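K.L.:
Sequence:
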Amino acid sequence: MDDPYEDRSMPADTTGRHIEQDDLLADLEDLKPDHVDYYAVLNLSKTASEDEIKDSYKRLSRVFHPDKHSDPTLKEAAETKFHIINKAFEVLSSTQLRTAYDEYGEEGLNTKWEVGHKIKTPQELRDEYARLAREKREMELENLVRSKNDITINIDATRVFANRDIPSPFGGTAFGKTQKVGIFDSLKRVEIMQLYMKNSFETQFGPRTQLIVGGQMTSRSGMGGGNVVGTIRHSFSEKCQIEIGSSLLNPRVGVLKGTYSIDPLTFITGTAQVRNFQGPAPLVMTFGRRITKGATGYMTYRTGEWAIGSWGPVFERRRDFSSMALGVSSQEGDKSYQVELQTGLLQSHLSVDRTWTLDSSTRLRMGGSLSTTAGITASIGGDRQVTDHTKVGLAVQVGLSEGVAFNIKVKRLGQSVTIPIVLATDLNLKLAFWTAVVPICAVTALDIGYVKPKRRRERAEKIQELRKVHADFIARQKKEAEEAIELLRDSTGRKMKQERDKDGLVIIEALYGNLNAGLVADVTVAVQALVNDSQLSMPGGHSKNHILGFYDPCLGEKKQLRIRYEFQRRMHEVVVADLASVAAPVRSHLLA
Numbered sequence: 006m007d008d009p010y011e012d013r014s015m016p017a018d019t020t021g022r023h024i025e026q027d028d029l030l031a032d033l034e035d036l037k038p039d040h041v042d043y044y045a046v047l048n049l050s051k052t053a054s055e056d057e058i059k060d061s062y063k064r065l066s067r068v069f070h071p072d073k074h075s076d077p078t079l080k081e082a083a084e085t086k087f088h089i090i091n092k093a094f095e096v097l098s099s100t101q102l103r104t105a106y107d108e109y110g111e112e113g114l115n116t117k118w119e120v121g122h123k124i125k126t127p128q129e130l131r132d133e134y135a136r137l138a139r140e141k142r143e144m145e146l147e148n149l150v151r152s153k154n155d156i157t158i159n160i161d162a163t164r165v166f167a168n169r170d171i172p173s174p175f176g177g178t179a180f181g182k183t184q185k186v187g188i189f190d191s192l193k194r195v196e197i198m199q200l201y202m203k204n205s206f207e208t209q210f211g212p213r214t215q216l217i218v219g220g221q222m223t224s225r226s227g228m229g230g231g232n233v234v235g236t237i238r239h240s241f242s243e244k245c246q247i248e249i250g251s252s253l254l255n256p257r258v259g260v261l262k263g264t265y266s267i268d269p270l271t272f273i274t275g276t277a278q279v280r281n282f283q284g285p286a287p288l289v290m291t292f293g294r295r296i297t298k299g300a301t302g303y304m305t306y307r308t309g310e311w312a313i314g315s316w317g318p319v320f321e322r323r324r325d326f327s328s329m330a331l332g333v334s335s336q337e338g339d340k341s342y343q344v345e346l347q348t349g350l351l352q353s354h355l356s357v358d359r360t361w362t363l364d365s366s367t368r369l370r371m372g373g374s375l376s377t378t379a380g381i382t383a384s385i386g387g388d389r390q391v392t393d394h395t396k397v398g399l400a401v402q403v404g405l406s407e408g409v410a411f412n413i414k415v416k417r418l419g420q421s422v423t424i425p426i427v428l429a430t431d432l433n434l435k436l437a438f439w440t441a442v443v444p445i446c447a448v449t450a451l452d453i454g455y456v457k458p459k460r461r462r463e464r465a466e467k468i469q470e471l472r473k474v475h476a477d478f479i480a481r482q483k484k485e486a487e488e489a490i491e492l493l494r495d496s497t498g499r500k501m502k503q504e505r506d507k508d509g510l511v512i513i514e515a516l517y518g519n520l521n522a523g524l525v526a527d528v529t530v531a532v533q534a535l536v537n538d539s540q541l542s543m544p545g546g547h548s549k550n551h552i553l554g555f556y557d558p559c560l561g562e563k564k565q566l567r568i569r570y571e572f573q574r575r576m577h578e579v580v581v582a583d584l585a586s587v588a589a590p591v592r593s594h595l596l597a
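Under my numbering, read the sequence shown as residues 6 to 597, first letter to last.
Derived by calculation from the structure, the hints in this document are not laboratory data. Fair warning: there could be bad hints in the mix.
To be verified - Under the rule of at most 20 Å between Cα atoms (straight-line distance), these lysine to any residue pairs were calculated in the SDA-like manner: (1) Lys-59 to His-88; (2) Lys-396 to Ile-413; (3) Lys-507 to Gln-540; (4) Lys-507 to Met-576; (5) Lys-51 to Lys-63; (6) Lys-92 to Ser-75; (7) Lys-92 to Tyr-62.
Model, not experiment: these values are computed from the prediction.
Please build the complete structure, drawing on both the sequences and the hints.
P.N.:
Structure (structure tokens):
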């Protein structure tokens, strides 16, 4: 039976999608103390224009320029902050530096990308950065994981669910009565039908050449065999790549595969397999083209076994026949699908697969097919990222002629273990229902009762550890924020008076932190400093922006910002959990 949770779709999006960690652990990234958000420093959004960047820089320079302060302590603090403001302006005002920073953060500024001429457009720069970063990432992964191992264990568990009589030693059944086999006795009847193992090792043999050495072994009922295969993969250019491989033991099999990109949207691949030169090599040709942003249409022709005169097997002895397949594969956002129609001498089928990304680590897949040989089959499965490098998949497949099968798959760093378990050879809807429901309930219970509580404990322990490790850093950030407030106090006082004179926006009190626990910082002066023409704009990312008077009073905890303000001589209050949404609720509240 096919693997119902395997993603068999064509690569509609070659960039792939990075699966993130659970949301519960995602905010641990915020605990990194060495991060500086240059957009937050200048109080800008990531879509800020060049004029907005210049205006914000001039506005902050008037406040934080060292020459504006006579007090030696404040002058020294202003010099430090003015240096960071200058650095932020230097990065964001440069098209090339801003593009690198937007794509890869500060690491992008510290990497020598060698992206060519500076007259390229921002989009061209992004494309070139993406290509270089992808090559760097692929090289790092290649150095990390060079070995790949696949193990498939086919299990026959049909007799576990079959009611069988226990034979009597005197013939017939014991005492003439039918006795049902217990569950533990039934489990003893589970049989391993086939064991398949494949291992490969890849190494760089030259700038454009890789050498792959692999072995495979199959065992069925105590008998089996294996072989060793060597493959050389060479890239002549970005458009053309070829692979040549051969088994080292009998039966001798040679494989030649080539891929050529006609243009950025069109590709063609061809594969030829030679078996002891007993006939012409069976060919597989695929022509594909990107038809929409996320969808690729393809056509695949398989010659099957064929003959030229007397060279090759006669029709009656052929095991593989010609076929033609047309399909569309799409991967956009959190959804993907594949539709394929195949016609052939041996088999024709229509198959449909659909995959949904439920969250950052979970996918659900449903599929079905109508075939001339297997009839109607349907499958439902899913996989979940349980650790940083481990993915577990479960699936159920039901077919009119293939019965019921349950599949388990575990993948980790190139290592894969697949266990297809045949539960019934005939269609059994009741068995199929419970086969799908029981694992889902078990996995859900395990996730709620163990995995998530465990992650919460790990998160809490990590936060406590980081608070201790970065205690000096947190204290320094608090001190720098307090210095910034002192630097802002005079200019903010003048701004507040101007706003009050015209019945504008006056910040009475602003508290940032865990409001329920009382772990807050007074950021009234900092928020008032961000008011311009009775408009408060805070694009986000200020929880670490000590330049503007903010610091994190409760590292690793969920935070809110509560603002009490006066507008047109009326008092208002607003509480927001996301600093990026401060501007909109305040404005809407004012209009109300």
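K.L.:
Each hint: holds or not?
P.N.:
Here is what the structure says about each hint:
{"no.": "1", "hint": "Lys-59 to His-88", "verdict": "holds, 16 Å"}
{"no.": "2", "hint": "Lys-396 to Ile-413", "verdict": "holds, 11 Å"}
{"no.": "3", "hint": "Lys-507 to Gln-540", "verdict": "holds, 13 Å"}
{"no.": "4", "hint": "Lys-507 to Met-576", "verdict": "holds, 15 Å"}
{"no.": "5", "hint": "Lys-51 to Lys-63", "verdict": "holds, 18 Å"}
{"no.": "6", "hint": "Lys-92 to Ser-75", "verdict": "violated, 24 Å"}
{"no.": "7", "hint": "Lys-92 to Tyr-62", "verdict": "holds, 11 Å"}
Hint compliance for this structure: hint 6 is the single one not met.
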